[in-house]
Amino acid sequence: MSSKPASLRLLDAFAGPHGVDGFLEQVDPLLVTGECRAEVVAVEHGTEESVTLTLRPNRAWKGFRAGQFVQVEVEVDGVRQRRCYSPASAETEEPGAELEITVKRHPGGRVSNFLVDHARPGMVLGLGQGEGEFGLPRPWPDSILLIGGGSGITPLMSILRTVLAADRERPVALLQYAPDPERAIYRAELESLARSRPNFRLLRSYTRAPGAGDLDGHFSPTHLPQAEPCFSTAETFACGPPALLDAVRGMWANGLEHRLRVESFVPPELLPSGEPGEGAIRFAESEIEVADSGAPLLVQAEEAGIAAEYGCRMGICHTCTRRKVAGTHRNLVTGEVSSTADEEIQLCVSAALGDLTVAL
Amino acid sequence: MTTTLSPPTPTPAEAAPDWTESFGEEMDAIRQRLLAERGQHDADYIRRLIRVQRGLEVGGRALLWAGVLPPAWLAGTAALSLSKILDNMEIGHNVMHGQYDWMNDPKLSGKAFEWDTACPADQWRHSHNYMHHTHTNIVGKDRDIGYGILRMSEEQPWSPYYLGNPVWATLLATFFEYGVALHDLEVERLQSGEVELAEKRGLIEGIWQKVRRQALKDYVLFPALSGPFFAFPLAGNATANVVRNLWAFTIIFCGHFPEGTQEFSEAETENETRGQWYHRQVLGSANLSGGPLFHILAGNLSFQIEHHLFPDLPANRYAEISVDVQEACERYGIPYNVGPLHRQFGSVVRKICRLALPDRLPSASLGVARGALGGLRKSAGRLLGDLRTPA
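Chains A and B, in that order, are what the protein sequence lines are.
Numbered per our numbering, the first sequence spans residues 221 to 580.
Numbered per our numbering, the second sequence spans residues 9 to 399.
Simulated from the structure, these hints should not be mistaken for lab results.
Be careful, since some hints might not be right.
Label-pair distances were calculated between CB atoms; the ranges are [said to hold, decoys possible]:
hint	chain 1	residue 1	chain 2	residue 2	range
1	B	A44	A	A408	41 to 49 Å
2	A	E505	B	A24	42 to 50 Å
3	A	G342	B	S30	30 to 38 Å
Glycine residues also receive a C-beta, built at the ideal position from the N, C-alpha and C atoms.
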């Protein structure tokens, strides 16, 4: 059987098919042993378009390193959706420590709008472990430059808070881009830190409010020396919209690439959907890729030699249901089109629109 | 009791193509509307229901632990019976149909869900979701017609074994969870040699594991907690399982066997269109009337017609769409079979008893014979009359 201790196996035998978690979560959703979840303990609207949530994770949470991101699962309209957010709180060894995320509203975004409008203390969210390579390396660099735009400021806040909490000497500079002061996330706290910490230099540029900030306009070579004169020797962390990151990468080309770490925050948008027969279908578990013929995915899997489970072949019995990892598909019965990642789909009545990967 | 408002209607095979297509389109439209409305309300419903079921299970077992006291035994057995009924019908059966797959909650995924009864969930998914729902009421393909041990259709040839029909039915009802567990094994096909035992080894292993775990839980582990009084929780658990078995059997047999439901042959359902499939689902199913609590306990299988039209849509919606479905059936002249439990089940019991006996003469021939006899009598009477009255 499994490598579980005998006492747990005994408990499982009593609990029956639903498992011990099936009962624990009725008492407290955070009590589950097999899943990492967090409770929202505080909700703050720092700006009109964003919400800052303080989360208290359960015992399954293993913490994160400053700069990493986590997957957060939120139920919107009955459907669980997963999105990635970078905790903005400082890294800590304390078990059970709370973490903070800030969500910015995206036009048409299901989860961001739901959280900004409806997040409240007591809500329970799914939480993934810290992931990603972006973040503070160990040992910490001698000098640090942070360049952030929009919600890209969040992993940078984590790095900043982590370093400033431990160190009063190490120079840290932050170059923040926002449309205007009202929409600058963490403005008050950053200003307070800049006043109280001599080793922290803060420069803001408001792209739609010229004159309101320390600098003007979007990122340009002239901004850099003011933030960090020795930027070529500082370890630089950049996070924000694609345009900002492209401009930053341009500056660090020609030999300086190793000093620059970049994390891209692309606003969620519908994946460009192609036409049937245009893309490639990838069967992830079988490691087979075929050119989309436009036929239902079940048929294409069988033609590729995969023995997929099936039943009625007409969208009724759900025997052929598998997880679509990524891509856009059309339901041939309802005509509905969906680009949701990690979605359960019925292969016999689904056709791909463009590239698609399915767990089969 | 059928509620036909127009003369007898054609079967799916006989009806004009545009008639069935039009009916199919109306059913598809109901489906689309339901899909658009499905959301938080339905997610909250299934979660609330699960909460109630888990509460009844814990409460029932706690009471049965003190089952040596009669009030605790009665209350505990009742609570555990309700827990098993909810888990089996409104939760298990519906979740495994994929009715809540759209929520992306792995605990409510139809493919992963396992239920508190002897039948392994994956075998159920195969025999029920696929075989029964695709081939509903097609004799020779839908093995729910008789479960391999009963005669539930005139199309099944009679044999002396079926004299015991009422006895086999009572046994099946009492031990229904084991009957269902063995269903995918196709015992009658093993006996006839159609299927080799070797093909079924994997299934047998799966059945054994599930039956063993369930029996251990209900008949060893929980009773053991009561020490010297183990007999009370043991009796309570056994009773709860039997209560669930009898209730499930009753509701399920009312789904396709009351008077008026129709069966179909493989020939007439070959190359079925989507509209014809919808039509056959209505003709082969029957509903039970009752209040909201009754429907929940029945797993909304009291809306068998709606369930067969839309097996993968949340069952809590069947009550509201039954209004539209019944209205559409009236317009198309499709019989919509609905009646109270005692009447529907009564007709099922009569059917079980009637089919235990051989059909002496096919009823059509009986009618012809009667008619011919009547005609002979009339002619004889006229002849006699002519003979008596001189022209």
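Evaluated hints:
no., hint, result
1, B:A44 x A:A408: 41 to 49 Å, "43 Å, holds"
2, A:E505 x B:A24: 42 to 50 Å, "46 Å, holds"
3, A:G342 x B:S30: 30 to 38 Å, "50 Å, violated"
Violated hint for the displayed structure: number 3, the only one.
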